[in-house]
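Chemist: Listed in order, the protein sequences are those of chains G and P. With numbering that gives the first Met the number 0, letter number 212 in the first sequence gets 211, and the count goes up by one each step, no holes. With numbering that gives the first Met the number 0, letter number 226 in the second sequence gets 225, and the count goes up by one each step, no holes.
Incorrect hints may appear among the rest.
[Said to hold, decoys possible] Below 25 Å or equal to it, Euclidean Cα-Cα: the simulated SDA-like pairs (lysine to any residue) are:
id, chain 1, residue 1, chain 2, residue 2
1, G, Lys-116, P, Leu-108
2, G, Lys-188, P, Arg-46
3, P, Lys-168, P, Gln-154
[What the hints assert, rightly or not] Anything over 12 Å on all C-beta distances counts as not near chain G; from chain P, calculated:
id, residue
4, Asp-15
5, Thr-19
6, Glu-21
7, Phe-53
8, Ser-66
9, Gly-68
10, Thr-85
11, Glu-124
12, Lys-142
13, Met-156
14, Lys-212
15, Ser-213
16, Phe-245
17, Met-246
For the record, the hints were derived by calculation from the structure and aren't laboratory data. Glycine included, C-beta positions come from ideal geometry on N, C-alpha and C.
Listed below are the residues making up each chain.
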Amino acid sequence: MNLSDFAKSNGLKIIGTRPSFFEYLKQVWAGRDFAFTMSLYASESANARTRLGRWWLILTPSLQALAYGLVFGLILGSLRPENFIPFLITGVFLFSFFSGSFSSGAKSITSSSGLLKTVSFPRILLPLSAVLREFINFLPQLGLLLLVMLIFRQELTWDWLYLIPITLLMFLFSTGLAMISARLTVQLKDLGKLIPFVTRFMFYTSGIFFEVERVFSSYPEVLAVALLNPVHAFISLARGALINDLSMNTSLWIIASLWSVGTFLFGVLFFWRAEARYGRD
Amino acid sequence: MEETKSSSKPVVVVDDVHVTYEVYGTGKKARSAGAKLAKQARMREVRAVKGVSFVVYEGETVGIVGSNGSGKSSLMRAIAGLFPATKGAVFTLGRATMLGVGAALLPNLSGEKNIMLGGLAMGYEKKELAEATASIVDFSGLKEFIDLPMRTYSQGMSARLRFSIAASKKHDILIIDEALAVGDRQFRLKAEEKIRQMRQEAGAVLLVSHNMKSIQDTCNRVIWLEKGELVMDGKPKEVCDAFIAFMEKGEDD
Chain G
0 MNLSDFAKSN GLKIIGTRPS FFEYLKQVWA GRDFAFTMSL YASESANART RLGRWWLILT
60 PSLQALAYGL VFGLILGSLR PENFIPFLIT GVFLFSFFSG SFSSGAKSIT SSSGLLKTVS
120 FPRILLPLSA VLREFINFLP QLGLLLLVML IFRQELTWDW LYLIPITLLM FLFSTGLAMI
180 SARLTVQLKD LGKLIPFVTR FMFYTSGIFF EVERVFSSYP EVLAVALLNP VHAFISLARG
240 ALINDLSMNT SLWIIASLWS VGTFLFGVLF FWRAEARYGR D
Chain P
0 MEETKSSSKP VVVVDDVHVT YEVYGTGKKA RSAGAKLAKQ ARMREVRAVK GVSFVVYEGE
60 TVGIVGSNGS GKSSLMRAIA GLFPATKGAV FTLGRATMLG VGAALLPNLS GEKNIMLGGL
120 AMGYEKKELA EATASIVDFS GLKEFIDLPM RTYSQGMSAR LRFSIAASKK HDILIIDEAL
180 AVGDRQFRLK AEEKIRQMRQ EAGAVLLVSH NMKSIQDTCN RVIWLEKGEL VMDGKPKEVC
240 DAFIAFMEKG EDD
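Could you build the full structure based on these sequences and the hints that come with them?
Modeler: Below, the structure is given as structure tokens:
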């Protein structure tokens, strides 16, 4: 009798192989408290040593919005959208959640080698927890966003509630993207270097400070592609919900939903396929 | 030498395990400008464990010795299921856990929050952990400091907290990788006592250490690895003596 048969006949189980997908989901569910606590505490820890502490969560994107507002407000001149401040703030704040999730998600495995070497848990909890942390950081920004809307005399309407499904879709999309990029950066470290450029490119093409319909109006092909961009869809929908003069386009709902659900499902499967590989270097 | 409760029931079976790492090459000396360019993306294989087999039975405490880079930690990670074997297989009865939660902790947060975080990382249920927290704090002896951020702790204090979190849970199979050097002498004795107690509760214990005395004090069997291969497997004194002789011979060369 060889060793493997000896082990099996004594009821021992083989370890270190990738669990079945269903088994994996069960492990993820069992680890939910760990993932959530990790996100909450990491968010708390990040600004623990600054004097203003968690105020930086809203100060940073506000300063960003201020800088972009001054620069692009002047450059754009007549192309500047109406209600520029609410328009810009919605774009900058939502984008900062997306870009934060993308970059911390992509790093979530490669930056946790110590944890991977000692503690066993389904590794997908790491990108998930990274996005959850960004989401926790995003909540006060969301509060500030609503406040800015009121200050700039946008009427409080039932439409504001659409922000809930919009952020939910954005969360799904960001989580899927984090899982995909986390695995890709493990298998090809060089990709980590490209992420800032991808983010930058997205920033300038998602209509953060301009209306894609107006700016790209003379390039119909470019406009068609730009309208398929999920980040633009999330931001545009949020503006439609919050800003009284703007409305939510049904086709954008469809684009946003398809991207979110598709990216999330693909992300989970794609990440799970390489489960036995994370941390091996 | 301690009495053992070993039986004939296997709890860990290591069957011809190989562990290989892929490393992108910056490990070679550059000979010329041309060679420098050529090596940029070269991949190298590091074979840390090369075909090791053994069986651990219920109640055993097995010491693992070997010089630096002999593949001890790689083998332990394979047994814990952290880095799977490249070839061959590991079988366990229940789960093998490494005693260590340091990497999960956040220095900016209080000791108490870190107990929460480390405990959940170890696989505690939230409710279970709430009950265990008091005894973890108690064991660490850090009651007055538990509200302070962990970064304000001394090295010894952090080590005590880490050990107390990890040691508070019952484990099927316990892997201890150089964890005995914690804290001051008083805490070290307490930790050793705790490990003895955990041994009684766990199915088996694997102990990696460079300290031959602590290996001989706590183990009833020792495995010696060298360059990823199993050199010797037997009684603690015999294996440790052979290993020490080998190391001293190496120093003379």
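Chemist: For each hint, tell me whether it holds in the structure or not.
Modeler: Verification of the hints:
Our distance criterion of 25 Å between C-alpha atoms is met by G/Lys-116 and P/Leu-108, whose separation comes to about 22 Å. As the CA atoms of G/Lys-188 and P/Arg-46 are separated by approximately 21 Å, the hinted pair is consistent with the 25 Å bound. Distance hint between P/Lys-168 and P/Gln-154 is fulfilled; the C-alpha atoms sit about 23 Å from each other, no more than 25 Å. Against chain G, the non-interface label of P/Asp-15 is violated: not every CB pair exceeds 12 Å, the least being about 7 Å.
Not every beta carbon of chain G lies more than 12 Å from that of P/Thr-19, the smallest distance being close to 9 Å; the non-interface claim is violated. Listed as a non-interface residue, P/Glu-21 fails to keep its Cβ farther than 12 Å from every Cβ of chain G; the least gap is roughly 7 Å. Not every CB of chain G is more than 12 Å from the CB of P/Phe-53 (nearest about 9 Å), against its label as outside the interface. Distance check on P/Ser-66: its Cβ is at least 20 Å (rounded) from any Cβ of chain G, clearing the 12 Å threshold; non-interface status holds.
Annotated as non-interface, P/Gly-68 keeps its C-beta farther than 12 Å from every C-beta of chain G; the closest such distance is 16 Å. Chain G draws P/Thr-85 into its interface by the beta-carbon criterion, the shortest separation being 9 Å against a cut-off of 12 Å. With a closest Cβ-Cβ approach of about 8 Å to chain G, P/Glu-124 is found to fall inside the 12 Å limit, against its non-interface label. No Cβ of chain G approaches the Cβ of P/Lys-142 within 12 Å, the least distance being about 21 Å, so the stated non-interface status holds.
Distance to chain G confirms P/Met-156 as a non-interface residue, since its nearest Cβ pair spans about 18 Å, more than 12 Å. Listed as outside the interface, P/Lys-212 is consistent with that label: its C-beta sits roughly 25 Å from the nearest C-beta of chain G, beyond the 12 Å cut-off. Under the 12 Å C-beta cut-off, the non-interface status given to P/Ser-213 relative to chain G holds; the minimum distance is some 20 Å. Listed as outside the interface, P/Phe-245 is consistent with that label: its C-beta sits roughly 27 Å from the nearest C-beta of chain G, beyond the 12 Å cut-off.
No Cβ of chain G comes within 12 Å of the Cβ of P/Met-246; the nearest lies about 26 Å off, and the non-interface call holds.
Checked against the numbered hints given earlier, the structure breaks hints 4, 5, 6, 7, 10, 11 and satisfies all the rest.
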